[in-house]
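Use the sequences and the hints to build the structure in full.
Chains as they are written, first to last, in our numbering: chain L, 1 to 476; chain B, 1001 to 1728; chain A, 2001 to 2242.
Bear in mind the hints are in silico, worked out from the structure with no lab data behind them. Positions of the beta carbon are idealized from the N, C-alpha and C atoms, including for glycine. Heads up, a few of these hints could be off.
Said to hold, decoys possible - Only part of the chain L face toward chain B is listed, based on derived beta-carbon distances under 7 Å:
hint, residue
1, 353
2, 409
3, 413
4, 414
5, 419
6, 420
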Amino acid sequence: MAENTNIVHTHHNTEAHFREKHLMLDPLPRGQMNDMVMESMHTTSWKFWVVFAILSVIVAYSLFYSWGVMIAEGLGVAGVNRPSYWGIFLVNTVFWIGISHAGTFISAILRVFKAEFRRPFTRAAELMTTFGLVQAGFSVFMHMGRVWLAYWLMPYANQRMLWPNLHSPLTWDLLAITTYLLSSTMYLFLPLIPDLAMARDRSTGWRKTFYKTLALGFRGTEGEWAHLRNAMNIFAFAIIPVMFSVHTIVSWDFAAATRPGWNSSIFGPYFVIGALHSGMGAVIMVLAVVRATMKNMKYFIRPEHFDAIGKLMLIISMAWAYFFFNDYMVQWYGGDKWTHQLLHFHEAGPMGWMWFAMLFFNIAVPWAVLWNQKWRSTPWIVFIVGFFINIGMWFERYIIVPISLSINRMPFTWRLYEPGIEIPLGIGTLAFFILLYMGASKLVPLIPVWEVEEGQMAHEFKKFGRETVVSVSELE
Amino acid sequence: MTDNFSRRDFLKLAGVGAATSAILTGCGPASRYVKREPYMEMPEYTYNGLSTYYATTCRECAAGCGLVVRTSQGRAIKTEGNANHPLNLGKTCARGQATLHGLYNPDRVTDPIQRKRGNASATAVDWDSATQTVADALKNNKPSEIAFLLGTTSDHLFDLVADLSAQTGINPPVRFGALSMFESRATLAKAAENLFGESGMPFFDLGGAQAVFSFGANFLETWLSPVSYTRGFAGLREALTKKRGTLVQFESRMSSTAGKADEWIPLVPGTEALVALAIGRLALELRGGPLPRAFSDIDPKSAASKSGIKLETLERYAEMFANSAGVLAIPGGAALGQTNGLAVAEAVLTLNAVADNFGKPGGVFFSPLAPNQAMYQRSASVKEMQDFTKKLADGKIKVLFVHGVNPVFELPAALEFKKALEGVEQVISFSTFPDETALESDYVFPDHHSLESWGYQRVATGSNQSALSGSQPVVSPFYNTRATADVLIAAAQLAGGKFAAALPFKDEVEFLQSKIAPLMSQSGGFFSAADLPTFMAYFQQYGGWWQTADSRTVPNTADIFNRSLKAPEAEFAGEGEFFFMPFVSPTLAEAGANKPWLQELPDPTTTVMWNTWVEINPETAHELGLEDDDVVKIISEAGELELPVYRYPAIRPDTIAIPFGQGHTAYGRYAEGRGANPTDLLGGHFNEAGDLAFAGMKVKIEKTGRKQPLSRLESLMGVYGVGLGEEH
Amino acid sequence: MIRPEEIKMSAEETGKWGMVMDQDICTGCQACVVACAMENNITFVGEEDSGYGRSMHWIRIERFWEGEYPEVKMTPNQPMLCQQCGSATCEPVCPAFATVHSQAEQLNLQVYNRCVGTRYCANNCPYQVRSFNWRDYERPEPLSNQFNPDVTVRRRGVMEKCTFCIQRIHKAQDKAKSEGREVVDGEFTTACAQACPASAITFGRVDDPESLVSQLAKKRGHGIKHLEELGTLPNVTYFKGG
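Right under this line is the structure:
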């Protein structure tokens, strides 16, 4: 352990007050914490199974039956048409990729910047990344006219020397998403190993076998920890550019096209910020639910965490507003008549309400609520804010995809998009996301216990005269 | 040519005749009837992977355009215009292209059937008993109790029945078609007869004209010969070699023809004659000299105020008539389908005398008669059909044969044709398709589709050259159908006596040859041959026979100015504030509704597909509180219809328009139960020539409160700004 | 903004086959639409889907309105079909190489059996002339007897568009080759141009100054190429006339 590097000055607060407020200053014995996490996994109420069953039925109906119907009948059962050749499937793809960004942001960027408040919920956020990407994958496959030939988009050796078109943003997209899925899964797995080992040591029966297999024989030796830290460090740094690139490349699906309203050079950062906006909203919703429904979680997830994420959300919302305004301004100032037509259509067209709702949910709501520390520390309030932001961000993607497609340079073909089977299929991906998360909460320690313990070890109170000071020591 | 004319020689000749590919013909027994054979035993001209082309004649309307049909392995693949044919010069309209969807329609009558009238189900009979049924019908009834109702195609069958009637005393065949009703053919012919002293079909040389004033003639859609007139229109517009010509269209609703006009004049319906006479008088006054009698009674000022056209506009047009060459006035369509229609036709034809264009380029001619035609014949006017219907209703006809026409669907509701059929003991239909009339028949003995048929069609108008357009089977019959001519010939033989004597032929082809043989002795033909087989081979190869010289004739206009021309007020039947304007759907016409690709064609003016609509001026709709797709009830004195509204920007506010073509209650899956039929609103009012005054009615509109979205190709947002907050 | 002349292309890449549309004489009669459907085995989709922007026409006639009653006018009918761009926006975006530029014909090809149905090409087509097979539309027997054996029948999930009747081009080229000569201008034409009663559509070699299309384009003058400002190098020229 290195020397003290970080000193927080406090004035008149008592130690007890700090303990209650900050997880890092409220250590429990290691064994007890491990047991609490194990208990949270093992305690399952009947309500869990009811919700689980309902979601399973929804997933079975939408992802098996409805998708089956669509594969058999063709995309005619969906709402896509000329000129809105893309619809809710791609809205959902972008949306889920956006959701997946929060996990990496929290666990990689906050880790790299040593934000201590991240510790209890990096796992919860990382799980969102992986499960969100699964839904994005489903959505993009649903979107394809001939999904049974999806493997043609992968570069694989074949006798006819047919390769994917590297000029196409969709090919970049596919490669980016695949890279992101693989790397984020790896990055989810690495910090999970010590916890799996912990769970292995406290389980019997099939769970024991399950954890034993996944823990890869981790025993907690100094050498293993060193390797693990190395790997995690490499991944934490490496995955940040991947994260930025993924949504930037997703934005190029639109920005690289010739369509008015899409052909915008700011779409890359705009999409990344948008992804974080919805992703943070989703994280805070998940944390609120986990805290409210799972045993022992009130100890690990405290108002301080909502407060911290709330601040981030407020900043991201401001950044999003900045990019939105910037994009709008440049588009409008460009003076292209088709772009003007489109901007006018966004606001005053038949779906204009959605444009205003987007601004309300993405800007007005977070700005009005999150400036207040009390409000942003209250789980149910931030849950609602997170929900609104996600609705707003979904609207944003809906405006970019089918609504912007309704208008083009050939007014004779303009036509509105009316979703069809996309709705059950979209609900199916949401249900599947929640289902995966619920399943994971019963199989994987949602709290990275070792990280919390590590943090708690690094924090201590020091007394300088009458002053009580919190000190954090740099590990390694 | 000799008797030894071989197939090899023949192929060489074929190569000369056809532009890109050899058009083959049947000239021997093997090709007389095309057969469907397994690959192992291909018919003589059929090779795997190679197409065979046959020339024939389109029967989607009566114009008689030549087709070349590409076939592959015994199947018809594509119809193209016959480039040699003087009428259409290689071009086709949409309906001609879609004729294949008739041939391969899934709802054809596949076998001869017998049914209880009105009952969709039927029992199949064999052709022997079918022939016997026809023979018995001929033999067991008095000749005066036998009637034939034929369509406007095909002429060879009309000739056959006419011969039969002439020699056996049965009623002469009556021909009818909804197109001739909406074209007001009888009125045009009658006006020509009144003015020029001879009957005939006027020919309007659009291509040579510099300015065309069309009074209701929708010549780019269905009028007389649309492919030929469209070519004429292209010639009018031709700007490379001459000054671009002008088109002015007078009609209350902008048709797709008027849509191409430089000026569309939505005059008050019924004032066309006034306008024509006023323009004529103003032009003659500009020129100076004494006013002839024809134009002496008209007061241009009152004509202008009655028609709602500014006097300056009329004066501007008059100047064109007075000072320019190549000015042409055309009467047609709805302008003649009014109670004063004959006066309109006469006034507009006389206007051409002011332009002095008779027999000149860009002027009025008489269409040449077809090579085997002695005098001009026209199909029955609706007045004549009313008389015919009355005969049926009164039980004066015991057996009615129907071919090529669907009167139950096409005739105005007021004639009550369906009810009249109850007075006929036996109705025998030869329909290829299960149409409404076939449904009301006791027997349906289906004819081949036109692409499986022999025959010929006289080119009535549209061509400079006298032409007889030939048909031959391009594929072997797909179903158990039989040529009606063959059925009649066989039945006549069975009936024996004078019937057998009237039709002494082995089959339809022998009959055709007997009719075509006289052409061999005519001079000036596109081809000639010394012997009949060679001549027939050429006839089939080229798709007909026509003279090479311009054989249009010039009307005798000596007396034209000396007639007194009246412009009587048009009368409008029924109560209501809206003039009613039915028009023929340019894409469906009278019989296109069962062809799915025609259904899916956007209407040229409204872009509506698969349905019927009522056109209402947006201002009027606003006043009535009507939006697009609101279903309204249209009430006339004869009936009522419910239709969705199309807010049509180019129609008079006091007029509503409904396309004809849909509203079938039978006629196969694509037609049945779709849209509405405006003839259900039509009463029995006629003009002096006996044509229906279909545009001479007034109707009421009632809201129903329902909506029925119309399928449009156009975007309501992009074209009309609907929903964009900037509607226009 | 890129000006077309700034796009550097070698001579053989600037277009070979082209069309001239005379909007002044196009009557909007739809003969070309059926001719195209019959030649290219295009399916019909029925009332509901056609009203929802899913009709499969490869060529459509556009018309707008100008002015108010009674001075209202229909704008000249505008046949809109694949412009066979020299620098097509549909081509680079396809991830599967299903829409590619033909070096030999200088046409935008659509390889039906390579298409996986991402529909990116259709989004990126500024002319909106691509049709997608939203379903396997029913063509009850015996309508299939009419199918042109030279043209693939497409199934659901596949994009399609006007090919300038490439099967006819190839047939004419094969014929000319077997006779040891070049293809003669006017020897063949596309289905739409062949049917057009007004001869408003002319098809031919735009790289041959003697061909009818080149001559027409030169004589008429003031031709418009739609959305040329996007740098797509379209090969269809429109004359509004009037």
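Q: Compare the structure with the hints numbered earlier in the document and write down the numbers of the violated ones, lowest to highest.
A: 1, 2, 5, 6
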